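Engineer: Assembly of the complex is requested from the two constituent chains, each provided in isolation within its own frame, with the hints serving as guidance.
For reference, the chains in residue letters:
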Amino acid sequence: MSEKPKLKLALYWAASCGGCEIAVVEINEKLLDLDAVADILFWPVAVDAKYDDVRAMPDHHIDVCLFNGAIRTSEQEEIAHLLRCKSKVMVAFGSCACEGCIPGLANFYSRDGVFERAYLTTPTTDNPEKILPQTVTKVPEGEIDLPEFYNTVLTLDDVIPVEYYVPGCPPQPHQIWAVIEAIVTGNLPEPPAVVGAGNKTVCDVCRRTKGEKKVSKFYRPFEIEPDPDICLLEQGIVCMGPATRNGCAEDRALCVEVNMPCRGCYGPPPGVTDQGAKLVASLASVVDSNDPEEIERILSDILDPAGTFYRFSLSKSLLRRAKV
Amino acid sequence: MKKISIDPITRLEGHGRIDIFLNDGGDVENVYFVIPELRGFEKFAEGRPVEEMARITPRICGVCPEAHHMAATKAADAVYHVDPPSAAKKLRELFYSFFFCSDHATHFYILGAPDFVMGPDAPVAERNILGIIHKVGLEIGGRVIQHLAENHEAIAMIGGKDIHPIAGIPGGWSAPINEEKRVRLEEIARNAVEFGQFSLKLFADVVLANEGYMEMVLSEAFAVPSYSMGLVDENNKVNFYDGHVRVVDLEGNEFVKYAPHEYQDVLAEKVVPYSYLKFPYLKKVGWKGLVGGQDSGVYRATPLSRLNVSDGMATPLAQAEYEKMYEAVTGDRSGSKPIHHTLVCHWARLVEMLYAAERAVELVTDPEIVSPNVRTFPSETPTEGVGIVEAPRGTLTHHYWTDEKGIVQKANLIVGTTNNYAPIAISLKQAAQAVIKKGVEITEGTLNRIEMAFRSYDPCFACATHTLPGKMPLEVRIHDADGEIVQVVQRNMG
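Order-wise, the sequence lines are chains A and B. First residue of the first sequence: 1, per my numbering; consecutive thereafter. First residue of the second sequence: 1, per my numbering; consecutive thereafter.
A couple of the hints might just be wrong.
As the list claims (entries may be wrong) - Below, computed lysine to aspartate or glutamate pairings styled on DMTMM-like, alpha-carbon distance capped at 25 angstroms:
1. B/Lys405 to A/Glu296
2. B/Lys181 to A/Asp304
3. B/Lys405 to A/Glu293
4. B/Lys270 to A/Glu129
5. A/Lys217 to B/Asp403
6. B/Lys437 to B/Glu46
7. A/Lys200 to A/Glu212
8. B/Lys283 to B/Glu384
9. B/Lys284 to B/Asp265
10. A/Lys8 to B/Glu444
11. A/Lys214 to A/Asp304
Worth flagging that the hints you see were computed from the coordinates, not collected in a lab. Keep in mind the model is a prediction, meaning the values are calculated, not measured.
The following block holds chain B by itself, in its conformation from the complex (with noise of 0.2 angstroms):
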């Protein structure tokens, strides 16, 4: 049997290999994913006081801090049964708007669109941002740096800093914002909707216009039919900030809707000795291993999964774009036929960027938003709280348990990425063994579209290593049938 190893995987946070295994007729056998790299966030929260995890956990991942930032206020909140004023809650929620349009927004042209911008096999040292930049002009690259340098601005304004913020605390925010901020940010918001319809207008010209993209974006070696998981408002809604988790079949039919303290009840996490990440599944489902279908309780949680699962998005232009996504996917504008296609995931996260976009228009333009009453002060005393929020890559959930004094006694993290492993890896072995046949030359290209089943899912394993620290280069090695390496395949410099 023969093995062949990606290692680094590039153009995603955090470390990772993936270990293809060759039989004697060089077809592919099977495909470890594997993550090499752990934290420990989970056990040295033990001890802090519960309202310093929104300034140490947000290190668990420097490319989503403000999801980490987000949670961890919202179960230091519910740790000290205390109810921010409306007018704190407004601003957490602009504050997050601005986080998924700046993050969408990194995903889609630095880590994701080299591939269908540049095409997959165009050489590796143009396959990046700078590559695009010169591929599609200055222009467009100097809006895009403008979009993520406006958007940074709005978090750091807000939230105190951009990467790693610190204004969440429990019963508020520790800073309102005055009228003339207020105005700086209604600008950022109102040119961050113009960036979303454009980089709509830019998906359609690029990927939905290119049959050969669209052939190899609905082919089934990039579905993997599972059940889907998002966050909801009370209309079922897409919502990232606050609501109910619902989770939907294969079909669309909801399974489950749950309040973040129910977390428990649904979810449980798989150990394996060959990785340091867990494999999260749906606990009444069961766990049956590295496969999809409605009887295996592997889920997805990402920006496609968020639009399966909601009845639609809660701002005008992005309803239309939802609209016409499955309408072109599904047949069913309506949305209420899932799509399992792995590279939709582009397209969807496009649309969440236009909903955010507008949602903080929303936001900014309610007169509330400049109030100075951001802060009820806990007077109960604190027990234990679960906070969850939507991380662009994925449901978050953060739960601690406190002393009396609100020291942490025990921490559990489920994170955005973390979700998504098994269906990522179960996406790899199918793109492998799509993309990998006997007697074809296997060629950096056909790496990079191993490399692209699972960039679509923008995974972040920063984020899913929180329990050990996490990076993630990745390597592919082949191994032959006696399960030598025979082959670490590399990528050469352009």
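Chain A on its own, in the form it takes in the complex (with noise of 0.2 angstroms):
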């Protein structure tokens, strides 16, 4: 055979909702030339391939895993291990593998509450003798088991090396298409590094003017009817541009568009580790007062300051989780 062998490519879903996988789908008819360059080995969603297929497969035998979801139950953590074996290249594909994403946010609570809330007191439940799922379940025909559920939602590098991060609540279509381009082409940088996103801020890209940011009053989205050529921000409406890496777009931000404030699902800017602390930063030096009462006043307005500003990263945050 003449021809270049093809791609070898594999794509798992952990804890997510599945938006990575659509984000693939809308490739759109690149997907005829994805078939052309690249044999999908295993992909639950869409392709007929079990986990003992993967099993079966000799080591390093997967050119590249694109891996989706944080890491939350015992099978997910194994089916990573798993993966990683088998694949020469493991990439954390999207806002959950690489920092969590909104699963995390689950790191505010524990195991504990999540249960209790979802199985004991949701108004709808019917549970008098408060049952909880069970690792191992004795039914008369013999057992069940179900994974264990973790107390913290993890990231994918938690649990596995990894070598490529592509951030995005989903990464957007055209994005995936550059780095599928640039896995084919063997143009990928040297690892690790995050490919398929830009190198500068949301706020860099977005189209909305920016002047001197002074606020005084900050307001939540639905409140005002904003100036749609105008920086959020200065109009007093939180928006995580500053602390976010571009991406979404190529030449704009998305959200900003519709008038509402970025929530940072393209992860910190290059350069900084901790998304929400990079927030606060900006925050401050947008707040017009010198005065430490009035500072405290006006920021006392933004309501639920850490599940904003960790949005999409709590799992990664140097905040990891709460203490509960």
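Structural biologist: And the structure:
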């Protein structure tokens, strides 16, 4: 065969929503191009192959594994180890695998708290015997097992080594295609590296006009009708733009285009490890006061700062999780 | 006793496993459908501003984020006691109609159709969307891809992003559309009507004209008599965005019709130790375990159920297809007799897709759709509120209780697929009993037939496991009479 062998790909989802998979499908007509250059060996959402098919592969059989989702159960951790062993290159694909994303907000609470709400105290729950899911259940015919539910949501590189990180919730299709092209042509940078995103902040590409930021009051998005052309943060709407990597669109930022503030799904910009801390620093510089008490009053308008500033990155933040 | 596991269940969104126990005679003794995951959204909603739930809960499911976005937005309207302007409601429904056009096509062509177009025994490596494109030709494949691309474009144009949209806020929509966008949206909507008709034609040619498939579609092994649930408008026509939830019994008689805030009077959810998912049921009928029938509170909330509870479709082309479907299956074109054959769900999904496209044309040609008046500013103290929409996979309920600042204190979510957990489990057991027989070799195709029972629900266990993060591959484990796992049935790569 003179043809170059096809690339062997695997895609997997752990604790995530499936949006990363749909984003892959949304490369649309390029799916056919992908089919021409790559064999997808494992992709539970769209291709019929099972775990044991993967177990039967030789080590490093898969060229690249795009792994999305955070690690929340023992099964997810086990599959992460299995795919690491079978793959030459491991990619943390999407915000959940990179930094915990929205599921990581569960780290504000404990496993017991999650179980109590889900199985005992939600108003439609009918559970007088106070049954909770068990890792092993004896049924008349035998036993049924469930993976263990961890107390903490972990990121992919908490459990296995990772070469590349593709941020975004979800990674945008044009970025996914760029990453696939880089894989196919062998143009990936030296690992570890972030790929499929920009190297600036959302503010740097936002099309809204930025002036001197002097905020004397913060608003919630539904409280005011913002000017469509002026920086949202200047208008007092908390926007994660200054603390977020660009990449959600080639020449702009998506959410602000419909008058809604950025919430940070592309993770921290280059050189920043803690996205929330970066935003706090940005906010401190925009408040229009030098009086500490007044500054505190103005900042107190911001509801749920932790859940906003760490909306996507709590699992990876310096906080990691709340002590509960 | 012998146990068979199918793990992971493929071509559905989320994770899952089917445990099949065989008795000493080699027949199916029992089947357990296990959801091995949970994410805990109801818990970590606590402490968040209620308007942010429309940006957080879409991450319950990346396949139907629009549904969670809309349910959360409507729940926040209710929490703030605010009524959005008419233009905002129309814009929301237009957005939502494009979403149904796209989502139903995703299911039919990517998840469901491989079984019909390729055949349930086709080699594993071909039984997927790329296999379909190879078989039906690039022209049709290209048409499917174009339809999906255009409807995603429409969703992003109105909602800001297609996966995880952002424009819904209490009291309305964050940005209006202009005439330039409207023109493009109208073009997309009209293409979607054509695509809807095309898809029904394809279904007729490939499935209805194939006796073998129809025998399977109409067989008792793939029928679960149960109550049906779905949202209807004031004329009892199918509606995805707003209305009352109607439940009909096995004969089609109205059992209850409730407003969103009354859902707790109707529904309850049973907890079991072997799965992270709860089983919802009709409270007044009661939980009788995993059985169908008039005395069991098990109900279904699927495209077929929505058609079963309605008196028809509100648009002409879809109404004609609705009549055609009921006439073919029940002999009564009025649709007053419900259909319980699970696989007919695929047909109902296509009827709905055509309705969504026609509805999008109606809305996008309404002069008010470009009105800039898309916000009502909340002025009342927030308390609690319920938002209900139809997700493609079933009735979706979001309920939030807040403090006086609108910070969520408690949340309750009953999502599309969760409604169908019990009927799916029942369908799986029936299908397993029908295809696994003593002395007959269990092949990969056998297991795929069991999964087909399941895929017709278009189950989304990412959604269902909102209560902890969810994914769903599947495994069938065969347990012997001693309960030992003697075989984990594999699919070999083709």
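Engineer: Would you mind marking each hint as holding or not holding in the structure?
Structural biologist: Comparing the hints with the structure gives:
With a CA separation close to 18 angstroms, the supplied pair B/Lys405 and A/Glu296 stays within the 25 angstroms bound. For the hint pairing B/Lys181 with A/Asp304, the CA-to-CA distance comes to about 35 angstroms; that exceeds 25 angstroms, so the pair is violated. For the hint pairing B/Lys405 with A/Glu293, the CA-to-CA distance comes to about 22 angstroms; that is within 25 angstroms, so the pair holds. Under the criterion of a C-alpha separation no larger than 25 angstroms, the hint pairing B/Lys270 with A/Glu129 is consistent with the structure, at around 11 angstroms.
The straight-line distance between the Cα atoms of A/Lys217 and B/Asp403 is roughly 22 angstroms, inside the 25 angstroms bound, and the hint therefore holds. Our distance criterion of 25 angstroms between C-alpha atoms is broken by B/Lys437 and B/Glu46, whose separation comes to about 50 angstroms. In summary, the hint linking A/Lys200 to A/Glu212 is supported, as the alpha carbons are separated by about 20 angstroms, within the 25 angstroms threshold. For a cut-off of 25 angstroms, the pair hint linking B/Lys283 to B/Glu384 stands: about 22 angstroms separates their Cα positions.
Simply put, B/Lys284 and B/Asp265 have alpha-carbon atoms about 8 angstroms apart, close enough for the 25 angstroms limit, and the pair holds. Taking the CA atoms of A/Lys8 and B/Glu444, the gap is about 23 angstroms. The hint holds against a cut of 25 angstroms. Among the hinted pairs, A/Lys214 with A/Asp304 is consistent with the structure: their alpha-carbon atoms are about 22 angstroms apart, no more than 25 angstroms.
Violated hints for the displayed structure, listed by number in ascending order: 2, 6.
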